[in-house]
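2 protein chains.
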Amino acid sequence: MVAKDAGEARDLSWGLSNRLFFKLYQCANMLHKTGTRALEDYSITTQQWAVLGALTRPAFEKGVAVNDLAAFLLVTRQNLAGVLQRLETMNYVERTVDSNDNRSRLIRLTIKGRSLWDANMRPVIADYYREALSGFSTEDKIHLVHYLDKMLRNFNNLDSEAHGEGGA
Amino acid sequence: MVAKDAGEARDLSWGLSNRLFFKLYQCANMLHKTGTRALEDYSITTQQWAVLGALTRPAFEKGVAVNDLAAFLLVTRQNLAGVLQRLETMNYVERTVDSNDNRSRLIRLTIKGRSLWDANMRPVIADYYREALSGFSTEDKIHLVHYLDKMLRNFNNLDSEAHGEGGA
DNA sequence: TATTGTTATACTCTATAACTATA
DNA sequence: TATAGTTATAGAGTATAACAATA
Numbered sequence: 008m009v010a011k012d013a014g015e016a017r018d019l020s021w022g023l024s025n026r027l028f029f030k031l032y033q034c035a036n037m038l039h040k041t042g043t044r045a046l047e048d049y050s051i052t053t054q055q056w057a058v059l060g061a062l063t064r065p066a067f068e069k070g071v072a073v074n075d076l077a078a079f080l081l082v083t084r085q086n087l088a089g090v091l092q093r094l095e096t097m098n099y100v101e102r103t104v105d106s107n108d109n110r111s112r113l114i115r116l117t118i119k120g121r122s123l124w125d126a127n128m129r130p131v132i133a134d135y136y137r138e139a140l141s142g143f144s145t146e147d148k149i150h151l152v153h154y155l156d157k158m159l160r161n162f163n164n165l166d167s168e169a170h171g172e173g174g175a
Numbered sequence: 008m009v010a011k012d013a014g015e016a017r018d019l020s021w022g023l024s025n026r027l028f029f030k031l032y033q034c035a036n037m038l039h040k041t042g043t044r045a046l047e048d049y050s051i052t053t054q055q056w057a058v059l060g061a062l063t064r065p066a067f068e069k070g071v072a073v074n075d076l077a078a079f080l081l082v083t084r085q086n087l088a089g090v091l092q093r094l095e096t097m098n099y100v101e102r103t104v105d106s107n108d109n110r111s112r113l114i115r116l117t118i119k120g121r122s123l124w125d126a127n128m129r130p131v132i133a134d135y136y137r138e139a140l141s142g143f144s145t146e147d148k149i150h151l152v153h154y155l156d157k158m159l160r161n162f163n164n165l166d167s168e169a170h171g172e173g174g175a
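Going down the list, the protein sequences come from chains A and B. Read the first sequence against our numbering and you will find it ends at 175, with the numbers running on by one and no gaps. Read the second sequence against our numbering and you will find it ends at 175, with the numbers running on by one and no gaps.
Calculated directly from the structure, the hints in this document are not laboratory data.
Same chains, same names: a pair is fine if it fits in one copy or spans any two.
With a Cα cut of at most 16 angstroms, we get these calculated EDC-like pairs of lysine to aspartate or glutamate:
{"no.": "1", "residue 1": "Lys-148", "residue 2": "Asp-18"}
{"no.": "2", "residue 1": "Lys-40", "residue 2": "Glu-168"}
{"no.": "3", "residue 1": "Lys-40", "residue 2": "Asp-166"}
{"no.": "4", "residue 1": "Lys-157", "residue 2": "Glu-138"}
{"no.": "5", "residue 1": "Lys-119", "residue 2": "Glu-68"}
{"no.": "6", "residue 1": "Lys-40", "residue 2": "Glu-138"}
{"no.": "7", "residue 1": "Lys-148", "residue 2": "Glu-138"}
{"no.": "8", "residue 1": "Lys-119", "residue 2": "Glu-95"}
{"no.": "9", "residue 1": "Lys-69", "residue 2": "Glu-101"}
{"no.": "10", "residue 1": "Lys-119", "residue 2": "Glu-101"}
{"no.": "11", "residue 1": "Lys-69", "residue 2": "Asp-105"}
Predicted model only: the values in this text are computed from it and were never measured.
Working from the sequences, and respecting the hints, build out all of it.
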């Protein structure tokens with residue numbers, strides 16, 4: 008009976024975790040679908056949104072190295088390069104040489120990019136947040152951020168292990 | 008002073024919501040990155056994982072129409088077609104004609120697909136859940152599922168509006 | 001006419017490796 | 001030698017439109 012109970016407990020745990028990850032998967036899909044649609048007037052995808060949003064951070068406003076930006080966004084520098092290229096073509100970001108290290112390039116918003124964010128994207132995104140989080144109290148949001156942050160740390164551990172840093 | 012306070016309240020709300028969505032964005036990225044890596048021995052992506060997982064549901068075991076599967080996964084039927092094609096090439100799913108409606112195709116797992124899921128994928132995914140949810144109590148998981156489900160309903164509303172169904 | 005599913009196209013994103021230029 | 005960034009390539013996913021077969 009012990010073995011059977013243990014099996015049942017494992018099944019319950021599987022079901023709940025499975026449900027949780029399926030919801031997360033669906034939320035991820037819908038975030039990209041509805042987010043990209045919300046910003047379609049500006050031809051901005053959610054990845055580009057994340058980059059532009061990061062560049063408005065006070066710490067990054069004077070420019071941020073590609074590597075640092077990639078680490079912040081949790082994407083590889085190679086894949087960030089593609090997104091940056093598209094944003095540069097649209098004249099929303101620009102690259103300057105870091106005078107402290109000639110290998111490094113500092114990425115920052117252009118005037119046009121800043122204006123796009125402040126005048127167009129931010130209001131649209133504020134509306135988007137309002138709708139996507141309707142029914143959420145401030146407490147709910149704080150709890151959810153906490154859970155997502157906790158899961159994110161676990162994901163980062165999983166990712167580090169996969170790169171052989173924590174080899175068993 | 009009222010206007011200023013209102014502005015500050017809006018900023019606080021913006022900051023919290025922005026943080027929440029950035030975490031969600033990062034979790035989405037990491038789910039695909041670590042999930043696909045966890046299943047790389049079988050060349051299964053997270054989208055294919057979702058399809059195969061759906062097909063193991065008791066309700067779908069005898070076959071499910073493409074449209075119903077797409078609705079369940081929250082993807083378009085066109086995009087599902089591509090994923091199904093890749094899974095069919097690998098011999099993990101098969102299509103049969105619905106005898107009740109000759110237009111419809113019922114998708115179901117093949118023996119090989121069922122075996123891949125039971126013998127290989129499920130154990131790997133169970134480990135993956137354990138690591139990705141380490142530190143989460145059952146209560147935590149229930150709360151998180153609840154929040155994700157709530158957000159998902161909001162996303163679906165946003166999506167319906169965008170398709171002109173609820174036009175203001 | 002409407003619906004089911006498929007095909008076609010164009011683009012973005014991702015993973016990976018190889019390259020350059022600096023350090 | 002190691003690091004910062006770029007370029008190149010192949011594959012997967014996504015949005016959208018158009019199409020064939022069936023209802």
